[in-house]
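Heads up: the protein sequence lines correspond to chains Z and U, in order. Numbering follows this note's numbering, in which position 427 of the first sequence is assigned residue number 455; successive positions increment by one, without gaps. Numbering follows this note's numbering, in which position 31 of the second sequence is assigned residue number 128; successive positions increment by one, without gaps.
Watch out, some of these pointers could steer you wrong.
As the list claims (entries may be wrong) - Sample of chain Z residues lacking proximity to chain U, with all beta carbon distances greater than 10 Å (derived):
1) Gly78
2) Lys245
3) Ala376
As the list claims (entries may be wrong) - Each computed EDC-like pair below joins lysine to aspartate or glutamate, with the alpha-carbon atoms no more than 20 Å apart:
4) Lys415(Z) <-> Asp203(Z)
5) Lys168(U) <-> Glu532(Z)
6) Lys250(Z) <-> Asp185(Z)
7) Lys121(U) <-> Asp30(Z)
8) Lys580(Z) <-> Glu543(Z)
9) Lys33(Z) <-> Glu122(U)
10) Lys493(Z) <-> Asp546(Z)
11) Lys653(Z) <-> Glu606(Z)
12) Lys548(Z) <-> Glu583(Z)
13) Lys453(Z) <-> Asp433(Z)
14) Lys244(Z) <-> Glu122(U)
15) Lys33(Z) <-> Asp117(U)
16) Lys120(U) <-> Asp30(Z)
17) Lys250(Z) <-> Glu210(U)
18) Lys585(Z) <-> Glu504(Z)
19) Lys149(Z) <-> Glu450(Z)
20) Lys174(U) <-> Glu242(Z)
21) Lys149(Z) <-> Asp134(Z)
22) Lys245(Z) <-> Glu210(U)
23) Lys199(Z) <-> Glu210(U)
24) Lys585(Z) <-> Glu612(Z)
25) Lys505(Z) <-> Asp366(Z)
26) Lys580(Z) <-> Glu606(Z)
27) Lys190(Z) <-> Glu210(U)
28) Lys174(U) <-> Asp549(Z)
In case anyone wonders, no lab produced these hints; they're calculated from the structure. We treat Cβ as the ideally placed atom computed from N, Cα and C, and that holds for glycine.
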Amino acid sequence: MDTSKYEDLFISESEEYIEQISSALLDLEKNSESTESVNVIFRAMHTLKGMAASMGYIEISQIAHGLEDVMDMIRGGTLQLSNELTDLLLKGNDYIDALVHKKNIDPGVIKSFRHVLESIKAGSKAFENTEQSKTANPAAPKIDPENSFTIEVIFSDDVMLKSARAFVVVKAAKDRGVFAKTEPDMDAVMREEFDKSFLLCLTSGDSANSLVEEIKKIPEIKDAILRKTEKKDETQEEKSGQRKDIKVSLERLDNLQNYASELVIARGRLQQIAYSTQNEELINALNSTSKIITNIQDEVMKIRMVPVWQIFDRYPRYIRDLSNKLNKKIDFIVKGRDIELDRALLNALADPLLHLLRNSIDHGIERSEERRAKRKKETGTIVLEAKRLKNAIIIEVSDDGKGLDTERILKKALERGLISEEHAKNLTQTDIFHFITQSGFSTKDEVSDVSGRGVGVDAVKSVLKQMGGSFEISSEKDRGTTFTLKVPLTLAIIKTLQVNVGSEVYIIPLTHIIETIDIKDEEIQSIMGREVFILRDQLIPIIRVSDIYKVKMNEKKTDYSIVLVEVDDSQYGILVDEFVEQSEVVVKSLRGMLSGIQGLAGVTILNNGMPSFIVDVPGLLQMAKVG
Amino acid sequence: MSTRVLIVDDAIFMRRMIADILKKEGFEICGEAGTGAQAVTMFRETQPDLVTMDIIMPDMSGIDAVREIIKEYPNAKILMVSAMGQQSLVVEAIQAGAKDFVVKPFQPSRVLESVGRILNMK
């Protein structure tokens with residue numbers, strides 16, 4: 029569509045909205061309670077978003093969209109308006125103003141602004157009010173098995189607002205009085221937990237054909253296919269299943285995986301030889317073999333991958349029972365249930381997750397009376413979410429309960445002599461939360477028969493450490509607690525960076541690494557007895573691997589390498605002599621005497637056949653803080 | 098007689114765009130409204146064959162306007178035209194009696210497809 033003729037109108041009307049927004053923001057600064065101002069800004073952003081999108085101005089539309097969401101969260105009470113936030117909104121409005129008038133803005137500035145908006149949204153996601161999950165599903169009408177029909181509704185590839193579109197389809201069936209249910213169920217359909225099609229089950233075949241014709245006419249519907257629901261014939265299903273799948277014992281799969289892993293190590297050794305002898309022919313032959321090995325490894329890994337719902341789907345029932353028992357009202361929301369994870373990892377996570385959920389129900393979510401008194405929604409919300417990052421999977425358990433009691437934790441830590449009074453003053457919130465991950469630490473005075481004592485958060489942490497993952501806690505008083513579990517995609521092979529410290533080689537998993545930096549002696553500064561360096565105007569604490577593991581660094585050198593890592597939202601620079609290479613390594617767990625060592629996650633065999641330790645990054649940082 | 102359409106959107110810009118698309122196909126624009134309340138009043142006055150309705154507007158939302166209109170005129174044909182990101186509101190509007198929806202930014206053909214479908218409904 030040619031939009032150029034609308035340009036002038038777009039600019040002049042946008043100016044009005046931009047003006048509305050800035051004056052409403054000024055009102056808000058004077059009176060932060062003004063819901064009308066909040067509404068005005070929300071609507072104006074929404075309108076700007078739609079207008080800009082219609083003109084094809086994606087940047088404006090995206091910024092307006094981000095700000096609209098932020099305003100929506102303020103309206104919904106999941107986000108508090110602060111001075112910083114007002115500044116941010118003003119800034120966003122200025123960007124929109126500049127973009128509307130075609131002024132140049134550095135794309136990097138816009139990008140980082142959007143990043144800030146995203147992080148605000150992500151930060152309060154835990155409190156998201158998912159109204160849709162509550163859409164009541166009234167008792168499904170009876171389906172006459174002899175006369176039951178199903179319509180497979182297939183969406184076109186460019187469908188927008190899939191759930192709303194599905195709702196239009198369902199309504200067509202409801203209007204004819206033949207709607208029975210959908211597959212997946214209506215809640216899942218409304219959460220868009222289906223790909224390009226869903227099944228519409230009918231109570232009778234009357235008028236089914238005309239319904240199909242009607243559905244086909246609905247925009248963005250590619251096709252609708254009517255089927256008579258067949259009686260489930262178990263034996264037949266099994267037979268047809270056998271044709272496609274065969275059962276393999278887990279043991280065999282493990283063996284296959286081990287061989288694939290060994291193959292990766294062998295390849296590394298061969299590559300090293302090939303490159304050191306500069307034998308072109310060998311290098312070429314090896315390159316093609318290498319691709320095949322990667323494919324084998326990928327396939328073996330995929331065989332081991334299972335969707336997280338295999339574990340996640342066990343919890344709703346448990347949570348309902350437990351919340352009834354404790355007389356608490358809880359909405360349990362599961363997100364990302366189709367994300368896949370190594371079977372062994374997932375199984376190992378089942379109990380820790382259950383423990384965290386139990387914790388949230390028992391200690392996190394308050395009783396209705398208490399919540400009412402705090403002016404919170406009477407029903408608490410617990411969200412279990414799996415997300416996929418590039419090299420890791422994040423699993424989050426978050427609740428909108430009372431949050432962790434930092435004072436109480438600190439008191440307990442002092443009582444137990446875990447820290448001195450002196451030290452206690454300098455602790456950050458994150459430091460304090462870390463105490464509850466220490467063995468046997470519990471602040472609950474009476475032992476509850478639900479969460480109990482003993483198998484605590486410490487057990488969760490140690491399971492994650494064994495996996496080469498990490499465990500983080502964030503919590504805010506009366507807003508809730510989020511436990512974040514970061515796990516590698518698979519147990520067996522992880523992507524890592526090899527570093528040299530003196531004569532030692534250490535392996536750092538890429539899961540935690542943000543970037544690598546070269547640094548000179550004079551760039552290292554000392555502030556209050558701690559070594560730091562400045563990176564993009566930020567002070568980053570330096571941690572010397574040589575101090576922690578008591579090894580000697582290369583003494584004659586004046587330039588070093590820094591591995592920038594992030595844990596608990598803070599960045600640290602791990603100082604090493606030099607980087608060797610990025611590589612995939614096969615993790616062997618530490619057993620026996622070595623198993624309890626803090627700061628080490630496991631061991632691997634290097635390409636040259638020598639063993640080397642894999643660094644447990646969160647553990648290493650913890651040691652550095654205490655030391 | 099040509100089909101008469103009432104266009105409801107708080108942005109003049111959007112109203113102009115929608116009006117242009119429909120006029121080109123021979124529709125008659127019998128009125129434009131910028132708020133939900135105006136929409137209800139104008140519906141009574143003009144009795145259009147079709148309404149295109151924005152959702153988020155000052156004064157009265159598009160959803161409430163749909164409810165008001167459907168209460169008085171159960172056979173009113175209303176097409177929701179809404180920006181991305183408010184899908185629960187779209188569902189609510191359909192529940193309230195709107196016949197279909199289009200998401201901004203839209204292709205003219207997509208608007209016409211929905212309009213055609215709605216007008217053919219009994």
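So, going through the hints one by one against the coordinates:
no., hint, in the structure
1, Gly78, "violated, 4 Å"
2, Lys245, "violated, 6 Å"
3, Ala376, "holds, 37 Å"
4, Lys415(Z) <-> Asp203(Z), "violated, 38 Å"
5, Lys168(U) <-> Glu532(Z), "violated, 79 Å"
6, Lys250(Z) <-> Asp185(Z), "holds, 8 Å"
7, Lys121(U) <-> Asp30(Z), "holds, 14 Å"
8, Lys580(Z) <-> Glu543(Z), "violated, 24 Å"
9, Lys33(Z) <-> Glu122(U), "holds, 19 Å"
10, Lys493(Z) <-> Asp546(Z), "violated, 28 Å"
11, Lys653(Z) <-> Glu606(Z), "violated, 23 Å"
12, Lys548(Z) <-> Glu583(Z), "holds, 14 Å"
13, Lys453(Z) <-> Asp433(Z), "holds, 16 Å"
14, Lys244(Z) <-> Glu122(U), "violated, 24 Å"
15, Lys33(Z) <-> Asp117(U), "holds, 11 Å"
16, Lys120(U) <-> Asp30(Z), "holds, 16 Å"
17, Lys250(Z) <-> Glu210(U), "holds, 14 Å"
18, Lys585(Z) <-> Glu504(Z), "violated, 45 Å"
19, Lys149(Z) <-> Glu450(Z), "violated, 37 Å"
20, Lys174(U) <-> Glu242(Z), "holds, 17 Å"
21, Lys149(Z) <-> Asp134(Z), "violated, 23 Å"
22, Lys245(Z) <-> Glu210(U), "holds, 9 Å"
23, Lys199(Z) <-> Glu210(U), "holds, 19 Å"
24, Lys585(Z) <-> Glu612(Z), "violated, 28 Å"
25, Lys505(Z) <-> Asp366(Z), "violated, 32 Å"
26, Lys580(Z) <-> Glu606(Z), "holds, 14 Å"
27, Lys190(Z) <-> Glu210(U), "holds, 17 Å"
28, Lys174(U) <-> Asp549(Z), "violated, 75 Å"
When each numbered hint is compared with the structure, violations occur for hints 1, 2, 4, 5, 8, 10, 11, 14, 18, 19, 21, 24, 25, 28.
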